[in-house]
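Could you slot chain B onto chain A? The hints should help.
Just so you know, the sequences run in chain order A and B. According to the numbering used here, the residues represented by the first sequence are 1 to 137, in order. According to the numbering used here, the residues represented by the second sequence are 1 to 358, in order.
Misleading hints may appear alongside valid ones.
[Said to hold, decoys possible] One-sided and incomplete, this derived list gives chain B residues near chain A with beta-carbon spacing under 10 Å:
| no. | residue |
| --- | --- |
| 1 | 18 |
| 2 | 169 |
| 3 | 170 |
| 4 | 172 |
| 5 | 227 |
| 6 | 228 |
| 7 | 229 |
| 8 | 232 |
| 9 | 254 |
| 10 | 258 |
| 11 | 260 |
| 12 | 261 |
| 13 | 263 |
| 14 | 266 |
| 15 | 268 |
| 16 | 270 |
[Unchecked claim] Restraint-style ranges between C-beta atoms, simulated for each label pair:
| no. | chain 1 | residue 1 | chain 2 | residue 2 | range |
| --- | --- | --- | --- | --- | --- |
| 17 | A | 47 | B | 100 | 32 to 42 Å |
| 18 | B | 234 | A | 116 | 28 to 38 Å |
| 19 | A | 69 | B | 38 | 53 to 63 Å |
| 20 | B | 279 | A | 19 | 35 to 45 Å |
| 21 | A | 54 | B | 294 | 45 to 55 Å |
| 22 | B | 151 | A | 33 | 26 to 36 Å |
| 23 | B | 199 | A | 56 | 27 to 37 Å |
| 24 | B | 234 | A | 111 | 51 to 61 Å |
| 25 | B | 145 | A | 35 | 53 to 63 Å |
[What the hints assert, rightly or not] Here are the simulated SDA-like pairs of lysine to any residue, each with C-alpha atoms no more than 25 Å apart in a straight line:
| no. | chain 1 | residue 1 | chain 2 | residue 2 |
| --- | --- | --- | --- | --- |
| 26 | B | 257 | A | 3 |
| 27 | B | 168 | A | 62 |
| 28 | B | 257 | A | 60 |
| 29 | B | 257 | A | 118 |
| 30 | B | 122 | B | 257 |
| 31 | B | 168 | A | 40 |
| 32 | B | 122 | B | 26 |
No wet-lab data here; the hints were simulated from the structure. Glycine included, each C-beta is placed from N, C-alpha and C at the ideal position.
The chain contents come next:
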Amino acid sequence: MARHVIAPVDELPPGSRKFLEIDGRPIAIFNVKGEFFGLLNRCPHQGAALCEGPLIGLASSSDPGEIEYTKLGEILRCPWHGWEFDIRTGQSYCDPRRFRVRAYPVSVEPGTNVVKGPYVAETIKVAVESDYVVVDL
Amino acid sequence: MTSPIAGGVDCDLHPAVPHLTSLLPYMNDYWRDQVTTRGMTDLISQSYPTNSPIASRPDWRPAQGKPGSSLADMQRQALDRFGTATGICNPLYGVQMVFSEDMADAFCRALNDWLVKEWLDKDDRLRGSIVIPVQSIEKAVAEIERCAQDRRFVQVLMLVMGDMPLGKRHYWPIYAAAERLGLPIGIHAGSAYHNPPTSVGWGSYHIEDYVAQAQAFQTQLTSLIVEGVFARHPNLKMVMLESGFTWLPPFLWRLHKFWRGVRMETPWVDRAPLEIVRSNIRFSLQPVDAPPDGDTLNRLFDHMQSDELILFSTDYPHWQFDGDEVLPKGLSQDLVRKIMIDNPHATYPRLQVKETVR
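With the rest of the complex left out, here is chain A (with noise of 0.2 Å):
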């Protein structure tokens, strides 16, 4: 396990995520309103490129016709079947038990830890006065 420095802040304002490869996964970093998430970019149910899917709420329900809408932003679909997956724990929600999409912390570091080590750049120029995300893979 490593904790690989993705971008600087500032290149995953709220509302984008990014795609990379690490150690050959294909992985994607996510900025939900100013959190932080990572995902393996590839669904547990047939392999397609979950990441890329729409980003929604969580419809619920306590009595046929009213409908809770929560978690907005939080709940990706997945592009090829419409499965949907907790974007916090990586968890289906048509089947949570047989079926979660593998999630990585993610966190915002300052440029002074992240010269300091043990992480792995990539190719990332890390400049002290910036701050970073990390992944812990």
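Same frame as chain A, but now just chain B:
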């Protein structure tokens, strides 16, 4: 051959109304005069043309009159023959076809009262289904409440092909009344012929009607599940009568697949469709729409992932089997007991107490 065991519950018997005039004693003066002066003679649906082979087993066909119109025949050919302890009567008479909700109401009341007097009162093994004027929700609920006072009515009967998809909220007061009164909803093959019997329009031949019943059951199951009937009424049971059941695994696979993708359209469906079917839906045994070998049938039961879904039925007097082969080959004795006794009793709460009160 798999032998039936004594004490079973036959969940699908069809007593036939000999003639519309048979119901006259059960109508009020107005409707009696209407039937007589209009010259109405009978309500004959295309579902079971009297002379079609499926309408009656040859050895059950009476010398005269409609198959299933004689209690003595039913006793001898079905109840005594298979050692039946309880038989549920599902009258299939064309009362749902008429377009006037007032006439349908009068005819349904007459039909239900006729069933009590001509059948239930004459053999205490018999139980009844309440036939309702579905075009009027108020009148249908009133008829359920009226008949339900007699505990020998154990079910509400609807046709699989009526005016609208059965999951529509329009129908929910019927389901609320049924759940409240401990009555499953029995959905029987057949059409009110208010819509074409197929989803693609009117066919030309009887075979098209008959084969299309299975698609109608699938469409209704989808509607009932996705509209949320069982989210609102979790204790309501529905029984698919004369539906066949071997289509269930591939149908559920398809429904489940699409539910996973578009679940957010109907978030009140918060369990997989298969789980809803297992808890709320049952199927009558006959006609067994499977090849006559036990291995194939048992593989199908495996796919259904439950031994609680099937309820014993003869579909008397319809011709679905020959001789005493009312049970398909290859059923274990344990499964026979479930199908004939345990499953029906778990489905119909009103069967728990043997009623002798008139």
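Hint-by-hint comparison with the structure:
Restraint check, residue 18 of chain B versus chain A: the minimum CB separation of about 43 Å is more than 10 Å; hint violated. Taken as an interface hint, residue 169 of chain B checks out: its beta carbon lies about 7 Å from the nearest beta carbon of chain A, inside 10 Å. With its C-beta approaching chain A no nearer than about 13 Å, residue 170 of chain B sits outside the 10 Å limit, and its interface hint is violated. For residue 172 of chain B, the interface hint holds, the least distance from its beta-carbon to any beta-carbon of chain A being 9 Å, beneath 10 Å.
With a cut of 10 Å, the hint placing residue 227 of chain B at the interface with chain A holds, because the nearest CB-to-CB distance is about 7 Å. With a cut of 10 Å, the hint placing residue 228 of chain B at the interface with chain A holds, because the nearest CB-to-CB distance is about 3 Å. Interface hint at residue 229 of chain B: satisfied, since its Cβ lies 8 Å from the closest Cβ of chain A, which is below the 10 Å cut-off. Look at residue 232 of chain B: its Cβ gets to within about 6 Å of chain A, closer than 10 Å, so that hint holds up.
Checking residue 254 of chain B against chain A: minimum C-beta separation of about 13 Å lies over 10 Å; hint violated. About 9 Å separates the beta-carbon of residue 258 of chain B from the nearest beta-carbon of chain A, less than 10 Å, and the hint is met. At a threshold of 10 Å, the smallest CB-CB gap from residue 260 of chain B to chain A is about 4 Å, leaving the interface hint in force. For residue 261 of chain B, the suggested interface contact is upheld, since its CB lies about 3 Å from the closest CB of chain A, less than 10 Å.
Satisfaction of the interface hint for residue 263 of chain B is found here, the shortest Cβ-Cβ separation to chain A being roughly 6 Å, below the 10 Å cut-off. Contact between residue 266 of chain B and chain A, as hinted, is supported at the beta carbon level, the nearest pair being about 8 Å apart and thus within 10 Å. Interface hint at residue 268 of chain B: satisfied, since its Cβ lies 4 Å from the closest Cβ of chain A, which is below the 10 Å cut-off. With a cut of 10 Å, the hint placing residue 270 of chain B at the interface with chain A holds, because the nearest CB-to-CB distance is about 7 Å.
Roughly 59 Å separates the CB atoms of residue 47 of chain A and residue 100 of chain B, a value that falls outside the hinted 32 to 42 Å. Separated by about 58 Å at the C-beta atoms, residue 234 of chain B and residue 116 of chain A break the suggested range of 28 to 38 Å. In this structure the supplied range 53 to 63 Å holds for residue 69 of chain A paired with residue 38 of chain B, their Cβ-Cβ distance being about 56 Å. The supplied range of 35 to 45 Å is met by residue 279 of chain B and residue 19 of chain A, whose beta-carbon atoms lie about 43 Å from each other.
For the pair residue 54 of chain A and residue 294 of chain B, the beta carbons lie near 50 Å from each other, so the given range of 45 to 55 Å is met. In this structure the hint that residue 151 of chain B and residue 33 of chain A lie 26 to 36 Å apart at CB is violated, the actual value being about 60 Å. A hinted range of 27 to 37 Å holds for the C-beta pair residue 199 of chain B and residue 56 of chain A, which are about 31 Å apart. For the pair residue 234 of chain B and residue 111 of chain A, the beta carbons lie near 57 Å from each other, so the given range of 51 to 61 Å is met.
A hinted range of 53 to 63 Å holds for the C-beta pair residue 145 of chain B and residue 35 of chain A, which are about 55 Å apart. Restraint check for residue 257 of chain B and residue 3 of chain A: not satisfied, since their Cα atoms lie roughly 38 Å apart, outside the 25 Å limit. Between residue 168 of chain B and residue 62 of chain A the CA atoms are separated by roughly 18 Å; this keeps the pair inside 25 Å, and the hint holds. About 19 Å separates the Cα atoms of residue 257 of chain B and residue 60 of chain A, which keeps this hinted pair within 25 Å; it holds.
Pair hint residue 257 of chain B plus residue 118 of chain A does not hold up; C-alpha atoms about 45 Å apart against a cutoff of 25 Å. Restraint check for residue 122 of chain B and residue 257 of chain B: not satisfied, since their Cα atoms lie roughly 49 Å apart, outside the 25 Å limit. Straight-line distance between C-alpha atoms of residue 168 of chain B and residue 40 of chain A comes to about 41 Å, which puts the hinted pair past the 25 Å bound. Between residue 122 of chain B and residue 26 of chain B the alpha-carbon distance is near 17 Å, which keeps this suggested pair within the 25 Å criterion.
This entry does not satisfy hints 1, 3, 9, 17, 18, 22, 26, 29, 30, 31, going by the numbered hints stated previously.
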